[in-house]
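Participant: Each chain is listed here by its residues.
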Amino acid sequence: MILLSLVGVFFFGGLLAWVSEIMDARLPRWVAMLSILVSFSLVFRLIFMLDSSGGVLLGWVDEFKGPWIPSLGIDFFFAADGLTVLMLGLTILLGAVAIASAWDEIKERAGFFYFNLLWTLAGVVGVFTALDLFLFFFFWEVMLIPMYFIIAIWGHENRRYAATKFFIFTQVTGMMMLVSLLCMVYFHSLQFGSFSFNYNDLLRVDIPRSLDLWIMLGFFAAFATKLPSVPFHSWLPDAHSQAPTAGSVLLAGVLLKTGAYGLIRFTIPFFPEASEIFAPVAMFLAVVSILYCAKVALAQTDIKRLIAYTSVSHMGFVLLGIYAWNELGLQGAIMTMLAHGLSAAALFMLAGGLQHRIHTRDMREMSGFWIIAPKMAVVALFFSVAALGLPGLGNFVGEFLALLGAFSVNIPAAVLAAFGVIFASVYSLWVMQSVFQGPPLKQESKAPSHETLLDLDGRELFFYGVMMIGLLWMGLYPQTFLDFSSGVIEGLVTSDSAAALYAGEFLK
Amino acid sequence: MSGSDVIPMAISGSDLLALAPHLALSVTIVLVMLLIGIKRVYVVSSAVSMIGLGASALLAIVQLYQSISIEVSQQITPLFRVDSFSLFFVAIICCAALSLSLFAFCYFMRLNDDRDEYQLLLLLATLGGVTLATSVHFIGALIGLEMMSMALYGMLAYPVHSHENSGASLESAFKYLILSAVASATMLFGMGLLYAETGLLTVIGVGALVSDLSVLVGIGLLFIFAGMAFKLSLVPFHLWTPDVYEGGPMPASAFLATVGKVAVAAFMLRLIMHTNALSIPSVYFAIYSVAIVSVLLGNLLALRQLSLKRLLAYSSIAHMGYLLIAILSFSVRSDGSISSETGLAIAAVVFYLLAYVVMSVGAFGCASLVSSSEHESDSIADYTGLFWRSPWLALVLTSMLLSLAGIPLTGGFISKFLVFFAAVEASQWILLLVLVVGSGIGLYYYLRVIFQMLQSPSKLEHLELKGSNWETLGAVSMLLLVTVGTFILGVYPEPMLNLVEEVVLSL
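For the record, the sequence lines run as chains L and Z. Residue numbering for the first sequence follows our numbering, beginning at 1 and increasing consecutively. Residue numbering for the second sequence follows our numbering, beginning at 1001 and increasing consecutively.
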């Protein structure tokens, strides 16, 4: 029931936040923060449930199953395992960060803003915990609508284009996934005599070889769009640069991870053979994402667009690690997801903070901020070096493991992808230099006077501090996080019998 | 009439009982006519027609549940058949007509002219629609279709005296009159060809002979299909749609878009099922290509529209195309029986029609609540900032548009989901591709309207509910009911899905 109440907390919290606006315009943000705290405690309980289910973190906990549309074999079916718990933790932490970054920025229609924010979180939690594929698809689509509203209402100058593009990209590829999903359900009904959208039932479906590559591609398109990977990535820079800070934080930190999660949980386990055939292509796309988007990032002048492109580049490592499909690669992918979630969220929050203070995102109008805002500069330096993969921080562990995993299956891809790390140092340091170092801008320039640039306040420092601790923890003692996912990954990558065992564990 | 299925022409008492919704409507029509003759009191004549529509809807629903539990299908003269399939559509039509009559009531409230006849025409058109949905005979279908169309001409031409579009309604009615007459003639010619070849006019009778087909049967069916495609505004018979929608008064366009289409679609569904028309290659190919171009062209043409009514008109073209995709996913076995996959496909069609009516009524209802006969809020720019001025109304319109776009939580999603499901089961890959592309294009223009509503309100003029509180009370509560209905269909569709599956069985 924890998972159901987790969705419920955000669902009703959102409604409450909206209604509370009537009483006081500052109330919604408190309601939102309160829902985050409640959900934190719920996730903690989930962690202890995982632990108590036997030393190894294996198998599903907190299952909830109830009929929804029985005539089509659709259930409310939630369950969590180690991977889910990691993702939920990230989601809720970044939810708190998003609320913190919106705290002062969103003044207009705050009630509706926090309603949308919490409903996005509800959708994401649903995506991470649903094990009925219809339910999964339902949440997958539902989380887009509040995000659309966030971009369309509180976004910047070009929001109509960005919001519409975001929505259409994800919806259209979502429909491709729907077609693929329905194909699987149809084959299930042919082979087992009944419709079922249950994850475990669909794992057993035997798909004809002539079709399975096509069906797999439907899933891949949807997840690669969300991830995003190169041919499907063009919505992301627009959405990121136009979204309000909280929207960017959620997009980069959480929504992108649903794509990777979908690949790990659904695409490859459903289509092992097709994925094996497809793996070189996917790894090629990953390498292109890493290198091409790192190169494009260098050409940006809009700081948010730049971070957006680096996101695509970093998510390339995730794709690379996933399609290596061995323990190292998957661990690397998951670590990168977590670490990138924190570092990208922090960078977007910094960029948003800059924009909020000086009303521009153009880096040509920024220079020498170190003198005026030293705390902000230090924080920015920390997260920049995290993003470039400095050993000792989480991103390094993730990317290193992903490369290691890829190296054992596809040496050229791994070698080429490793150049991405070099590019990352270039653009990260370049941003640091152009924004924080150099001479302070002259007063007569177009940029607003620097007196308006206030340094970070205590609230902001607190949230940056939390994210720093997270990244340090991941970098120095990654075992805590690896333990959560190792059981899941073992179940996924080992042979069929183990997979069956894994399923059997679940059936008990 | 062939010897095997002689049905007495006389009507017995039980037949009359089965026709109760029709009779209730007819009685109401006579009553309203008399009331108008005695004294014109707009409120009274409207109230009586609403009560009549409500009563027939209620009767139809009660009969529907009876007929499901005891599985009867009653043939009343060779013309009509009352079974759960037809009762389901009668119920939909009456409910839709009731809500449209509520919206029309507010819309015409301020009209400085004779307002009462609109409700009368609406009742007549509803009776026509109900007749069409219950008929299993070409003559019955023609009577119903013409009754509906005749009344619709009057509704579309209804004088509105608004300075901005004086004469537009007349133009729209004439356009519809002429083209609709041509369509009816086409259909009659098709029926004539079928009669010439088979000597029969009952749908089932013709169907039994289709298997030993001749060319004429195929051509006849094609002609009938063309006539229906006109009424359903499918490409290439769609040209009238945007102009007529735009020109007519909002409630009349709404009626045309909902009841006018559902009734025809119900008869078409019966025709296709009983005559096994899809097994004829030429008919199949015609429907196939019409479906593809309808979805693509309807969506593409809607992209740049500035008028909400035109936008909804083009989107309705696309929606009828989606409907055809579900119909094309029928796989009728060679012996004419329905395979289990087809059960799902028919259920998808029926469910789609239901959801389509609900969301169209909702969308048009919102638009007509902020319009009146003097001024229609038709331009999309009129809706700028609606979200912040009247959030509830905007929320309703947003959910209707999202439902039309097929976004989860709404009935539109489940219906589109079922269409997808049916098409996958029939392995209609090209149609699936068209469906994905079409829906993707569709998102753009629905989002455009939603985005407009989300913008900061302009200072120019305020869009607000027209009419005082008591006048709009009924319409507003109906709108809320429709919204709740859309969400129930989207979140908990199981009961309705079961009902639809039962209904399909009687076909």
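Be aware that a few hints might be false.
[Stated by the list, open to error] Computed beta-carbon distance windows for the label pairs:
1. L:206 with Z:1343: 22 to 30 Å
2. L:194 with Z:1477: 37 to 45 Å
3. L:362 with Z:1456: 45 to 53 Å
4. L:24 with Z:1379: 50 to 58 Å
5. L:66 with Z:1013: 46 to 54 Å
6. Z:1430 with L:204: 25 to 33 Å
7. L:24 with Z:1456: 18 to 26 Å
8. L:422 with Z:1395: 31 to 39 Å
By construction, these hints were calculated from the structure, which means they are not laboratory data. Here a beta-carbon is modelled for each residue, glycine too, at the ideal position from N, C-alpha and C.
Participant: With reference to the structure, classify each hint as holding or not holding.
Facilitator: Results of checking the hints against the structure:
1. L:206 with Z:1343: 22 to 30 Å: 25 Å, holds
2. L:194 with Z:1477: 37 to 45 Å: 41 Å, holds
3. L:362 with Z:1456: 45 to 53 Å: 25 Å, violated
4. L:24 with Z:1379: 50 to 58 Å: 37 Å, violated
5. L:66 with Z:1013: 46 to 54 Å: Roughly 48 Å apart at Cβ, these two residues keep to the hinted range, so it holds.
6. Z:1430 with L:204: 25 to 33 Å: 30 Å, holds
7. L:24 with Z:1456: 18 to 26 Å: For residue 1456 of chain Z against residue 24 of chain L, whose Cβ atoms are near 22 Å apart, the range 18 to 26 Å holds.
8. L:422 with Z:1395: 31 to 39 Å: Given range 31 to 39 Å: violated, Cβ gap about 51 Å.
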